[in-house]
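**Q** Protein sequence lines, in the order shown, are assigned to chains A and B.
Here the numbering used here is used: the first residue of the first sequence is 152, the next is one more, and so on.
Here the numbering used here is used: the first residue of the second sequence is 76, the next is one more, and so on.
It should be emphasised that the hints constitute simulated quantities derived from the structure, not laboratory data.
Hints may contain errors.
Stated by the list, open to error - Lysine-lysine pairs mimicking DSBU-like chemistry, simulated, CA-CA at most 30 Å apart:
#1 A/LYS202 <-> A/LYS178
#2 A/LYS178 <-> B/LYS176
#3 B/LYS176 <-> A/LYS213
#4 A/LYS195 <-> A/LYS222
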Amino acid sequence: NAGVMQNPRHLVRRRGQEARLRCSPMKGHSHVYWYRQLPEEGLKFMVYLQKENIIDESGMPKERFSAEFPKEGPSILRIQQVVRGDSAAYFCASSPLLVNEQFFGPGTRLTVL
Amino acid sequence: AQSVTQPDIHITVSEGASLELRCNYSYGATPYLFWYVQSPGQGLQLLLKYFSGDTLVQGIKGFEAEFKRSQSSFNLRKPSVHWSDAAEYFCASLLSVGNEKLTFGTGTRLTIIP
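Whenever a hint applies, use it, and build me the whole structure from the sequences.
**A** Okay, here's the thing in C-alpha cells:
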C-alpha cells in the first residue's frame with residue numbers, strides 16, 4: 152500500500168503566478184487534510200476535505216487559497232497570485248473513515264521568488 | 076482554544092544518552108495526543124499516540140511517552156539515543172473524533188553528538 156503521495160516535491164513560482172499542489176491519499180482513505188509549515192515553525196492546519204466536500208476550512212486564508220477533493224483524482228490545493236509569504240512546506244495527510252490517525256505525505260516545498 | 080507547547084527549541088544529547096522531550100497541552104478535557112518525527116526534507120512519521128487507558132505509551136524506534144493529567148504533559152522519552160534519531164520532533168493534539176484539526180507544537184530539534 153503506497154503512502155500519501157504529493158507532487159511536485161518542489162515548486163518555484165514568481166510573485167503573481169498560480170501554484171497547484173497535488174495530494175493522492177493512501178488507498179482506502181476518504182479524508183484529506185492540508186497543513187502549512189512556515190520556516191522554523193510547526194505545522195498549521197489549513198483545510199479538511201472528504202470526497203467532493205469541504206468539511207472544515209477554518210485555517211485557510213480567506214483570499215487566494217482554495218482546495219478541492221474531487222470524486223476522481225487527487226486533492227488539489229490552489230494558491231492564486233502567490234506572494235513571498237506563501238513560501239512554505241505544504242503537507243497533505245489522509246485518514247480512513249472513523250480513524251483519528253493521520254498519515255502524512257512528504258510535502259511540497261513552495262518557493263516564491 | 077487548545078494549544079500545544081514544546082518549550083525546548085533545540086536539544087543536544089550524546090549518542091547513547093537518555094532523552095526526554097517536553098510537551099504540554101492546554102485544554103480542559105483530555106485530548107488525543109501524538110508525537111511525530113520529521114527528518115530533514117521529509118514528511119512526518121508517527122512515533123506514538125495516546126487516546127485513553129494506560130498512561131505510558133510505547134511507540135516505534137524505542138520511544139515511549141507518558142501522559143500526566145496533573146501536569147498537562149505528554150513527554151517523549153528514549154533510554155538510549157542513536158545518531159539516526161537526529162531530527163525534528165513534533166507533539167500534536169486532536170480535540171476529539173470528529174474534530175480533525177491536529178494542533179502542533181513548534182517542534183524540538185534534536186542533535187546527537189558522538
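**Q** Does each hint hold? Answer for all of them.
**A** Verification of the hints:
1. A/LYS202 <-> A/LYS178: holds, 13 Å
2. A/LYS178 <-> B/LYS176: This hinted pair holds, its Cα atoms lying about 21 Å apart.
3. B/LYS176 <-> A/LYS213: holds, 18 Å
4. A/LYS195 <-> A/LYS222: Status holds; Cα separation ~26 Å.
Checked against the numbered hints listed earlier, the structure breaks none of them; every hint is satisfied.
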